[in-house]
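**Q** Residues per chain, in single letters:
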Amino acid sequence: MDVMPKWAEVILVPFISLLLAAFISGLVVFAIADVPDTAITMMDRIGARLDFVWGAAKLMVNGALGSTYGWGYTLYYATNFMFTGLAVAIAFHARLFNIGGEGQAMLGGLGVAIACLYIPWPHWSVALIGAAAMAGLFGAVWAAIPAWLQVKRGSHIVITTIMFNFIAASLLNYLLVNLMRPKGSMDPATAHFREATNLPTLHDLLAPFGIAFSKSAPANVSLLVAIAACFALWLLIWRTRLGFEIRSYGESESGAKYAGISPFKITMIAMIISGALAGMMAINNVMGEAERLVLNATEGAGFIGIAVALMGRSHPLGVFIAAILFGFLYQGGAELALWTSIPRELIVVIQALVILFTGALDNMVRMPLERMFLALRRNKAAGAN
Amino acid sequence: MANQAPAIELKGISKAFGPVQANKDISIRVMPGTIHGIIGENGAGKSTLMSILYGFYKADAGEIFIGGKKANITDSQAAIASGIGMVFQHFKLVENFTVLENIILGAEDGGLLKPSLAKARRTLIELANDYGLNVEPDALVQDIGVGMQQRVEILKALYRQADILILDEPTGVLTPAEADQLFRILGRLRSEGKTIILITHKLREIMETTDTVSVMRRGEMTATVKTSETSPAELAELMVGRKVLLRVDKKPATPGDVVLDVKNLKVKDEKGVERLRGIDLRVRAGEIVGIAGVAGNGQSELLEVLGGYQDGTGELLLNGQPLDLSGRHSDGQSRRARGVAHVPEDRQREGLIMNFHAWENTAFGYHHDASYQKNAMLMDNAAIKADTAEKMERFDVRPPDPNLAAKNFSGGNQQKIVLAREIERNPDLLLIGQPTRGVDIGAIEFIHQQIVALRDQGKAILLVSVELEEILALSDRIAVMFDGQVMGERMPDQTDEKELGLLMAGITDTANAHSVDEIEENLAHAGGDAGKEV
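Chains as they are written, first to last, in UniProt numbering: chain A, 1 to 385; chain B, 1 to 534.
Treat each hint with caution, since some may be false.
Capping the alpha-carbon separation at 30 Å, the derived lysine-lysine pairs in DSSO-like fashion look like this [said to hold, decoys possible]: (1) 69(B) <-> 380(A); (2) 58(B) <-> 11(B); (3) 385(B) <-> 58(B); (4) 119(B) <-> 257(A); (5) 58(B) <-> 257(A); (6) 11(B) <-> 257(A); (7) 69(B) <-> 24(B); (8) 11(B) <-> 265(A); (9) 58(B) <-> 265(A); (10) 265(A) <-> 69(B).
Where chain A lies over chain B, by a calculated footprint (3+ residues, C-beta under 8 Å) [claimed, not checked]: (11) 118 to 125; (12) 333 to 339; (13) 449 to 463.
These aren't lab readings, by the way, just hints derived from the structure by calculation. Keep in mind it's a predicted model, so treat the numbers as computed, not measured. For glycine and all other residues, C-beta sits at the position ideal for the given N, C-alpha and C.
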């Protein structure tokens with residue numbers, strides 16, 4: 001019997017975890033707050049610090065959600081995290097821990113760059129399909145190698161995917177510095193992509209409907225692709241035979257073998273899908289935003305994907321929500337760093353607290369809640385008798 | 001004797017796990033120098049009760065008295081200090097330590113091992129003389145037989161000065177001869193004044209060895225009786241709460257054509273050890289062939305290779321057509337497509353995905369079935385649920401809810417879900433391993449009836465079980481496996497447990513008398529990992 005009702009499981013537990021993370025973050029900001037010299041008494045100083053915390057919180061919310069400009073950045077980051085979060089989630093369903101989202105997304109960027117630079121696309125829509133396919137292909141290949149090494153050679157996928165992140169970084173470094181950099185440029189980056197491959201931003205997409213959206217925000221049509229990917233993955237996991245086999249294998253390898261589900265096949269397929277999703281992130285950051293391939297284009301989004309998948313319980317809808325939350329933290333954090341004396345590093349602390357509470361300390365919130373619901377149920381049963 | 005304090009007395013013990021009341025107001029008195037049996041179906045609360053006594057769980061209510069004094073058992077250290085020793089169903093021994101090292105493990109005196117080992121060696125000799133518990137102190141545990149390993153567990157408890165020994169399902173991995181030996185040792189311990197609590201689900205063991213017996217049902221103690229004043233039928237009724245058939249009702253078999261023909265089948269494990277060393281076996285339509293043997297002698301590998309998830313060499317024919325033993329067409333899907341259904345030995349590890357709903361488990365292995373698909377892409381979950389509901393009703397699965405996760409059903413009902421899935425496929429050959437392990441008596445009756453009914457429809461059935469009684473009751477022909485080979489075939493009405501027991505120990509010359517030591521010796525050298533959990 002499930003101890004908690006489903007709504008408590010999927011909404012209440014993460015919500016309380018978030019509140020706790022926010023509270024601890026508030027304490028940290030409280031501790032490092034700027035106190036004006038005019039505050040002399042104890043009460044004044046505490047009051048000033050509380051004001052500072054409140055101001056910081058307001059700044060974060062306003063900066064990320066207060067304007068279409070803020071939303072544009074929040075959703076741009078969220079798009080990245082949706083792709084990498086889904087990538088980690090599908091691998092989790094096969095009980096594979098793909099830490100290589102970062103490297104796969106880098107390779108995806110390479111795929112996008114090659115597609116956009118060397119193929120004369122007639123229209124952005126065709127270019128998007130072609131670039132997404134290339135990004136997926138490159139990411140998939142990069143994930144398939146560790147998968148193959150795990151099934152055939154017994155090298156653990158956690159170790160190999162981490163190492164493949166470094167290999168990917170070095171490979172891109174080499175390619176950008178030595179091969180893909182335009183002649184005469186000092187910048188380790190490719191040339192700008194042609195105009196025909198530039199993706200429409202949310203501003204362009206919403207204008208025909210009469211909705212005003214910030215022109216300079218980077219959120220673009222890739223967001224819709226990411227949302228479609230969430231839905232497609234949900235169908236795949238819960239409604240298809242392949243998803244059934246992936247989940248079976250993830251739940252019990254011995255059971256999967258008994259049922260005639262090949263561990264080799266499932267490991268390969270799950271990792272290929274995972275790598276392809278991580279790679280497809282590049283249509284957002286490389287094709288949609290930078291419009292050229294720069295060094296370290298992924299900016300750690302591959303790792304955030306792990307947190308997003310953990311918080312979203314590997315469910316595509318959960319990943320969608322968690323990705324937006326992390327997009328908010330990213331954008332709000334950037335605003336904090338820009339406008340206050342709070343250092344950039346502290347933003348990482350806040351993000352880490354969110355990951356800690358929603359991912360690692362999950363049981364801390366879950367167990368007391370379970371006990372509470374159990375007691376409630378018992379009281380009800382006792383009342384009924 | 002009458003006014004002597006009981007060795008153990010439990011008063012009003014209750015324990016709940018969440019909404020489940022595992023023990024409810026349980027009271028027993030066990031007098032010193034007696035063997036007290038506790039029987040009950042799986043999930044009746046026997047293990048919970050013993051875990052409370054051994055300090056693993058804390059009771060919600062109730063008191064424990066040891067030797068007349070109230071005891072506060074907070075952990076296993078406290079239990080050991082009050083003289084309680086526990087022999088678990090699955091031994092807790094370090095395989096690559098010697099017997100002596102295992103005995104002092106956790107009971108060393110001081111930081112240096114040498115004095116402890118010397119003391120243990122002296123104690124061991126005394127114990128061997130007192131109770132007839134002979135072991136080789138310097139042998140590695142992995143090199144000795146299962147019966148010996150169990151003896152080491154008993155010695156561990158005695159070394160810690162246990163006066164009360166609790167044995168949890170001690171005969172599960174023993175041959176009948178080894179079990180007899182164990183009961184002789186227990187008898188000797190009793191006559192030396194030790195108190196023994198024997199937890200088992202085997203009525204025969206209770207009847208033969210205990211002085212008093214308590215029956216548990218659904219967390220409650222339903223009765224405590226003198227063993228001499230009861231009968232197996234009465235105990236079974238007390239356990240289940242209604243009258244049960246202890247024998248399987250079946251007509252004589254009318255075997256038809258050979259369905260499964262196994263020729264010189266060999267299997268090597270990952271380490272290259274030969275687990276099956278040339279099996280020849282035939283199963284005909286309309287007959288049940290039972291494979292008897294001590295766990296770990298190749299029965300699991302036989303089921304795995306026939307079920308399609310273990311590679312082998314040799315020849316395999318189904319209805320005269322060859323089945324692949326390795327490569328692409330040797331997997332579980334291909335086997336199912338050819339009409340081989342398989343109820344695996346371990347339903348929790350293989351037969352079911354415990355976190356999946358019942359309906360997902362009904363599709364498990366048959367998820368490519370055309371009637372389960374909505375279109376080329378998507379599965380038809382509604383159709384699977386409807387099919388599951390029907391199967392649950394036909395097999396009396398309780399509760400009949402397709403949306404309940406497999407882990408939330410009792411052992412018997414889980415097994416019924418697997419059986420329904422496999423039997424309802426109308427297979428030519430049914431492989432079935434340990435069909436009633438961890439299944440309550442009421443469900444055993446039902447499962448046995450289903451197996452016999454399938455046979456009567458003219459299907460071939462290969463049954464593997466470590467329960468000799470089950471093999472004798474169900475089989476139309478019995479093959480005994482030992483160390484990866486078939487030692488011989490017998491007809492159930494022309495053999496008995498003693499003869500099968502000798503074959504299970506690898507002794508084919510069953511006409512002459514053999515000592516237990518000889519059997520032990522044979523088992524220890526079998527090379528097979530007889531103690532491994534299956």
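**Q** Are 3 or more residues of the segment 118 to 125 of chain B near chain A, judged by a Cβ distance of less than 8 Å?
**A** violated (count 0)
**Q** Mind checking the alpha carbons of residue 58(B) and residue 257(A) for me, to see if they're no more than 30 Å apart?
**A** violated (39 Å)
**Q** Take the C-alpha atoms of residue 58(B) and residue 265(A), compute the straight-line distance between them, and say whether it is at most 30 Å.
**A** Given pair residue 58(B), residue 265(A) is violated - Cα atoms ~47 Å apart, limit 30 Å.
**Q** If you look at each residue in the segment 449 to 463 of chain B, do at least three have a Cβ nearer than 8 Å to any Cβ of chain A?
**A** Contact hint for the segment 449 to 463 of chain B vs chain A: violated, 0 residues under 8 Å.
**Q** For residue 385(B) and residue 58(B), compute the direct alpha-carbon distance and say whether it is at most 30 Å.
**A** violated (41 Å)
**Q** Can the segment 333 to 339 of chain B be counted as covered by chain A under the rule of three residues or more with Cβ-Cβ separation shorter than 8 Å?
**A** Coverage by chain A holds here, the residue count being 4 at a Cβ distance below 8 Å.
**Q** Straight-line Cα separation of residue 69(B) and residue 24(B) no greater than 30 Å?
**A** Judged against 30 Å, a Cα distance of about 23 Å means the pair holds.
**Q** Holds or violated: residue 11(B) and residue 265(A), Cα atoms, limit 30 Å.
**A** violated (57 Å)
**Q** Would you check the hint for residue 11(B) and residue 257(A), treating anything up to 30 Å between C-alpha atoms as holding?
**A** violated (48 Å)
**Q** Is the hinted pair residue 69(B) and residue 380(A) satisfied, with a Cα-Cα distance of at most 30 Å?
**A** Judged against 30 Å, a Cα distance of about 39 Å means the pair is violated.
**Q** Run the distance test for residue 265(A) versus residue 69(B): straight-line Cα separation, threshold 30 Å.
**A** violated (62 Å)
**Q** Decide if the proposed pair is consistent with the structure: residue 119(B) and residue 257(A), CA atoms, cutoff 30 Å inclusive.
**A** With a Cα-Cα distance of about 49 Å, the restraint between residue 119(B) and residue 257(A) is violated, given a limit of 30 Å.
Violated hints, in rising order: 1, 3, 4, 5, 6, 8, 9, 10, 11, 13; the structure is consistent with all others.
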